[in-house]
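Engineer: Counting from 10, one number per residue, gives the positions in the sequence shown under the working numbering.
Check before you lean on any hint, since a few could be wrong.
[As the list claims (entries may be wrong)] Subject to a maximum C-alpha distance of 25 Å in a straight line, what follows is the list of computed DSS-like cross-link-like pairs (lysine-lysine):
id	residue 1	residue 2
1	K186	K257
2	K252	K275
3	K257	K167
4	K252	K292
5	K167	K279
6	K279	K257
7	K73	K186
8	K186	K289
9	K257	K275
10	K275	K241
11	K43	K73
12	K252	K167
13	K257	K165
14	K275	K167
15	K241	K186
16	K289	K252
17	K165	K73
18	K186	K167
19	K241	K289
20	K252	K165
21	K257	K289
22	K241	K257
23	K186	K275
24	K289	K275
25	K252	K186
26	K73	K34
27	K257	K292
28	K289	K167
Note that these hints are calculated values from the structure, not bench results.
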Amino acid sequence: MVYYVEYVFAENLIIDFILLFVTGKLLKRVIVYKRLLASSAIGALYVVLVAYIGRDFMTYFIVKVSVSVLMIMVAFDSRGILTNIRVIICFYMTSLIMAGIITAMYYMNYDRLTVNAIIIALFAGYAGLHFFFGEVRSRNEKSNYMRSVTVSFADKTKVLNAFIDTGNELSDPMTGKPVIVVNIECLRSILGEELCGRILNMYAGNEGLEVLLSEFSSYNLRIIRYNTISSKGERMVTITPDKVEVRKDSNHILNTDAVIGIYPGKISRKEDYDALLFNKILKWEMEQNNEPDKFC
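Make a model of the complete structure from these sequences and hints.
Structural biologist: Here it is, written out as structure tokens:
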């Protein structure tokens with residue numbers, strides 16, 4: 010079978026361009042088509058040289074990696090070793106998955122692999138990779154918004170897994186303190202079975218609000234009203250803790266002044282957290298990180 014240089018070059022140019030384009034989209038890089046075209050030309054030229062010159066050193070692993078690095082540097086404005094490594098890994102993953110899909114389609118079609126089949130394989134691979142990287146990115150973003158919250162009432166403490174809800178702007182109208190919304194089941198060890206049961210009865214409409222507040226006045230319970238997308242004038246029982254400690258890690262601990270909003274249901278469907286923090290916490294953490302060292 011005769012292979013023409015221009016066909017080999019054009020074929021690899023198109024494939025490399027698609028792979029680089031998919032890599033850029035997955036990593037949300039700025040796509041400059043001229044740079045992608047130049048990078049694809051480098052990859053296609055390398056394939057032509059290997060196919061028609063056939064020097065042994067050109068197939069060495071270090072040479073292949075060097076060509077890949079050069080292609081990435083030309084295609085994307087990547088600065089930093091770690092950034093380049095991340096792009097290269099994604100590029101190789103994309104290439105391997107696309108090659109696997111095309112190979113599978115080749116055997117399923119009994120050697121009748123068409124251009125349309127290759128295009129379908131490329132887009133199917135892109136969709137799969139987009140879902141995979143989207144899931145990874147979503148998990149990373151979620152982990153960045155998770156905090157450990159320690160709530161103290163007198164001599165009792167409770168550690169909660171909390172998620173920073175950037176849409177939570179709920180605050181106590183009397184004091185202006187932000188509200189941490191907590192599942193009532195997580196507060197039973199602090200509030201006691203009787204109070205939790207009475208609060209649940211109040212939410213269910215089986216007990217009057219005034220009776221609850223007067224009988225448990227020592228807890229300094231308050232009621233705040235808030236609106237949701239589906240309803241207005243909702244009520245939430247709140248209690249003021251003695252201390253609230255928000256921990257991101259061992260080096261980032263923030264003591265904050267907040268009230269606890271007691272919610273009668275689950276906070277998370279997956280039950281991976283049981284409290285919602287307010288959006289101001291991100292600003293406070295940033296201010297804490299920017300504080301100058303007291304010993305300087």
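Engineer: All hints are to be evaluated individually against the structure, with a verdict given for each.
Structural biologist: Structure-based check of all given hints:
With a C-alpha separation of about 21 Å, the suggested pairing of K186 with K257 holds against the 25 Å cut-off. With a C-alpha separation of about 23 Å, the suggested pairing of K252 with K275 holds against the 25 Å cut-off. Taking the CA atoms of K257 and K167, the gap is about 16 Å. The hint holds against a cut of 25 Å. A threshold of 25 Å between alpha carbons decides the hint, and for K252 with K292 the separation of about 19 Å falls inside it, so the pair holds.
Note on K167 and K279: the hinted pairing holds, with a Cα-Cα distance of about 21 Å set against a maximum of 25 Å. A distance of roughly 21 Å separates the Cα atoms of K279 and K257; the hinted pair therefore holds under the 25 Å criterion. Distance hint between K73 and K186 is unfulfilled; the C-alpha atoms sit about 59 Å from each other, more than 25 Å. Of the pairs offered as hints, the one joining K186 and K289 holds, with about 11 Å between alpha carbons and a cut-off of 25 Å not exceeded.
With a CA separation close to 23 Å, the supplied pair K257 and K275 stays within the 25 Å bound. Only pairs whose Cα atoms come within 25 Å are accepted, and K275 paired with K241 is accepted, the gap being roughly 20 Å. Under the criterion of a C-alpha separation no larger than 25 Å, the hint pairing K43 with K73 is consistent with the structure, at around 23 Å. As the CA atoms of K252 and K167 are separated by approximately 11 Å, the hinted pair is consistent with the 25 Å bound.
As the CA atoms of K257 and K165 are separated by approximately 22 Å, the hinted pair is consistent with the 25 Å bound. The suggested pairing of K275 with K167 holds, with an alpha-carbon distance near 17 Å, which does not exceed 25 Å. For the suggested pair K241 and K186, the alpha carbons sit about 21 Å apart, so the restraint of at most 25 Å is met. Straight-line distance between C-alpha atoms of K289 and K252 comes to about 17 Å, which keeps the hinted pair within the 25 Å bound.
Between K165 and K73 the alpha-carbon distance is near 62 Å, which puts this suggested pair outside the 25 Å criterion. At most 25 Å may separate the alpha-carbon atoms for a hinted pair to count; K186 and K167 meet this at roughly 20 Å. Under the criterion of a C-alpha separation no larger than 25 Å, the hint pairing K241 with K289 is consistent with the structure, at around 23 Å. Restraint check for K252 and K165: satisfied, since their Cα atoms lie roughly 11 Å apart, inside the 25 Å limit.
Straight-line distance between C-alpha atoms of K257 and K289 comes to about 14 Å, which keeps the hinted pair within the 25 Å bound. In summary, the hint linking K241 to K257 is not supported, as the alpha carbons are separated by about 33 Å, beyond the 25 Å threshold. For the hint pairing K186 with K275, the CA-to-CA distance comes to about 23 Å; that is within 25 Å, so the pair holds. Annotation: proposed proximity of K289 to K275 holds, straight-line Cα distance about 23 Å (limit 25 Å).
For the hint linking K252 to K186, the alpha-carbon distance of about 13 Å falls within 25 Å, and the restraint holds. A threshold of 25 Å between alpha carbons decides the hint, and for K73 with K34 the separation of about 23 Å falls inside it, so the pair holds. As the CA atoms of K257 and K292 are separated by approximately 13 Å, the hinted pair is consistent with the 25 Å bound. The suggested pairing of K289 with K167 holds, with an alpha-carbon distance near 22 Å, which does not exceed 25 Å.
When held up to the earlier numbered hints, the structure conflicts with 7, 17 and 22 and fits the remainder.
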